[in-house]
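J.: What follows is the residue order along each chain.
2 protein chains.
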Amino acid sequence: MINRLVEKIKETGAPVVVGLDPMLDYVPKQVRKRAYEEFGETLEGAAEAIWQFNKEIVDKTFDLIPAVKPQAAMYEQFGIPGLEAFKRTVDYCKEKGLVVIGDIKRGDIGSTSAAYAAGHIGKVQVGSKTYVPFGEDFITVNPYLGSDGIHPFLKVCKEEKKGMFVLVKTSNPSSGEFQDRLIDGRPLYELVGEKVAAWGEEAMGNAYSYVGAVVGATYPEMGKALRKIMPKAYILVPGYGAQGGKGKDLVHFFDENGLGAIVNSSRGIIAAYKQEKYAGFGAENFGDASREAVKDMVSDIRGALENR
Amino acid sequence: MINRLVEKIKETGAPVVVGLDPMLDYVPKQVRKRAYEEFGETLEGAAEAIWQFNKEIVDKTFDLIPAVKPQAAMYEQFGIPGLEAFKRTVDYCKEKGLVVIGDIKRGDIGSTSAAYAAGHIGKVQVGSKTYVPFGEDFITVNPYLGSDGIHPFLKVCKEEKKGMFVLVKTSNPSSGEFQDRLIDGRPLYELVGEKVAAWGEEAMGNAYSYVGAVVGATYPEMGKALRKIMPKAYILVPGYGAQGGKGKDLVHFFDENGLGAIVNSSRGIIAAYKQEKYAGFGAENFGDASREAVKDMVSDIRGALENR
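Protein sequence lines, in the order shown, are assigned to chains X and Y. Under our numbering, the residue at position 22 of the first sequence is numbered 786, and the numbers go up by one with no gaps. Under our numbering, the residue at position 149 of the second sequence is numbered 913, and the numbers go up by one with no gaps.
Derived by calculation from the structure, the hints in this document are not laboratory data. Check each hint, because a few of them may be wrong.
Stated by the list, open to error - Heads up, simulated DSSO-like pairs for lysine-lysine below, C-alpha to C-alpha not over 27 angstroms straight-line:
1) Lys893/Y - Lys1038/X
2) Lys893/Y - Lys819/X
3) Lys893/Y - Lys851/X
4) Lys793/X - Lys893/Y
5) Lys887/X - Lys851/Y
6) Lys887/Y - Lys1038/X
7) Lys893/X - Lys1038/Y
8) Lys797/Y - Lys893/X
9) Lys819/Y - Lys893/X
10) Lys851/Y - Lys919/Y
11) Lys851/Y - Lys797/Y
To be verified - Some residues of chain Y that are not near chain X, with every Cβ distance over 12 angstroms (derived):
12) Lys824
13) Phe826
14) Glu924
15) Ala961
16) Glu965
17) Met968
18) Asn970
19) Arg991
20) Ile993
21) Lys1012
22) Asp1019
23) Arg1072
Each residue gets a CB set at the ideal place from its N, CA and C atoms; glycine is no exception.
Taking the hints into account, I'd like the entire structure generated from these sequences.
T.: The structure is reproduced here in structure tokens:
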């Protein structure tokens, strides 16, 4: 799947991923209204609203981008109907040829990690039958429990040719509280980065590993150091746009081939119609606003890469 | 909810929690067979099997124990039907008067943690209506992202009088890879423990905080140190039984009142009928085997506490 992700990034010329993190208040009123008319002001109504919202954004952007990243929390908050909308979104994006990164940030001890891996990027056996429960292509994983929490994910990645991005340095303001603490003179995130590189050697695609890393756009200097520590790891970079990261901050996350990183934007794309810059589209045409925001993001990042 | 948990522990005299982590191969053949006859060898069939399995165990043990801990991964692996079985299990255990600890190990940046908190221990708003999506009483949370990933959970804990257990030192063999690394001469897990104590001060129950900690039974010396660092935090102790922890290892997790810790056993209880010790019950009476295993666990731990 990492090979396919790299190919799609080359094809589209867009090292970006659209974060499908639909808060209800991002969903334009007319979309919510239609959903509530059909299903009431219920969890089913909310789920329908976010699904219709996602669908429109995907329809308007899928030809420009290699991948999407639905954030599980935004669906899980609406209970079972929300998770049905998650599954529906994953399936639809795959139909549209997109690579789907499930932003689930799971991580547990051995047998439990194995169950998450089976559920999200693998298969489960029921009697004589086999099922693909959620079917994402990549997932995000939390490293706090160490190697034996990671290996079950790695095993499924190898079997299914899927991938994962391990949290190394997250984009939020207090990420440094533990991640930056010095151990033998080096920050914890570097030690995690070294482990990511080691885990990744066990599962190599053509040029990059099945095991990538999450490094926040908000910490460009750390991205530079981590790029060297994990030369074969694709870096998933959250924090662009709404969280403050800009194209020029991102150049060091990429390698000399202009590859090796994929930058996520969520609110900046999916709620673009709410920004002054794209307000001209109007709430009715929120998908077109998202399309324009994708184009602007791609040219910001490509511009920065060309001028480095 | 921490007050209620402490009361229930006193009432039952049992500082234990039964981990409802149903692997399909724990479920006796006759239970699986009935479920597959009704729903086929499908995800629905698997979900029905684990739900019936859980129900029998709960029916046979609820009067002996204060709490259960369903492990989300074991349900999520069966997709949407699996999560329906999770919800059904949560609801049923609450009906039976049990405190429900959702072992979800979530953790993310601010707005995303807020969504997980709403989904699992809080409420969501849809138009003018309010819903409780999953409705656990406590959840487990991963600290790797730092305070701003924890505060949204804390906020909901305070609003809803719910609680959380933050992963401090996990029970698995490679937990030390990052958690034990020394920072200014002290292991990372102690720094996380100090944060747990600080977060906990913001949300105190009568004697203990809404913010507890997860510390593995497999590391008794660390439990001793952490008990002092987090005097008001209830410690959820996984790793008893199948993972190797024994009653005598656990005394230091408790405070001088014999409170302050609750010990989890999953496989050791729910798959007790597969152990030689309880084989006499037979697979037909798996619930009775679990009941006996709960009694043995309680007397092992109480005995150890009395003899310390």
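J.: Does lysine 893/X pair with lysine 1038/Y here, judged by a C-alpha cut-off of 27 angstroms?
T.: Between lysine 893/X and lysine 1038/Y the Cα gap is close to 25 angstroms, so the pair holds against 27 angstroms.
J.: Please work out if lysine 893/Y and lysine 819/X have their alpha carbons no farther apart than 27 angstroms.
T.: OK: lysine 893/Y and lysine 819/X at ~25 angstroms, within 27 angstroms.
J.: Compute the least Cβ-Cβ separation between glutamate 965/Y and chain X, then decide whether it is above 12 angstroms.
T.: holds (17 angstroms)
J.: Run the distance test for lysine 793/X versus lysine 893/Y: straight-line Cα separation, threshold 27 angstroms.
T.: holds (16 angstroms)
J.: Would you check whether the claim that aspartate 1019/Y is not at the interface survives, using Cβ distances to chain X and the 12 angstroms cut-off?
T.: Non-interface label on aspartate 1019/Y holds, nearest chain X Cβ at 26 angstroms vs cutoff 12 angstroms.
J.: Would you assess whether arginine 991/Y, listed as outside the interface, keeps its beta-carbon beyond 12 angstroms of every beta-carbon in chain X?
T.: Check passes; 21 angstroms lies beyond 12 angstroms.
J.: Classify the label on asparagine 970/Y as holds or violated, using whether its beta-carbon is more than 12 angstroms from each beta-carbon of chain X.
T.: holds (29 angstroms)
J.: Report holds if the minimum CB distance from glutamate 924/Y to chain X is greater than 12 angstroms, and violated otherwise.
T.: About 14 angstroms separates glutamate 924/Y from the closest Cβ of chain X, which puts it past 12 angstroms; holds.
J.: For lysine 797/Y and lysine 893/X, compute the direct alpha-carbon distance and say whether it is at most 27 angstroms.
T.: holds (14 angstroms)
J.: Does lysine 1012/Y clear chain X by more than 12 angstroms, comparing its Cβ with all Cβ atoms of that chain?
T.: Label holds. Min Cβ-Cβ 23 angstroms, cutoff 12 angstroms.
J.: Given the hinted pair lysine 887/Y and lysine 1038/X, is their Cα-Cα distance within 27 angstroms?
T.: holds (26 angstroms)
J.: Under the criterion that the straight-line Cα-Cα distance not exceed 27 angstroms, is the pair lysine 851/Y, lysine 797/Y satisfied?
T.: holds (23 angstroms)
Going down the numbered hints, you'll see the structure goes against none, and every one checks out.
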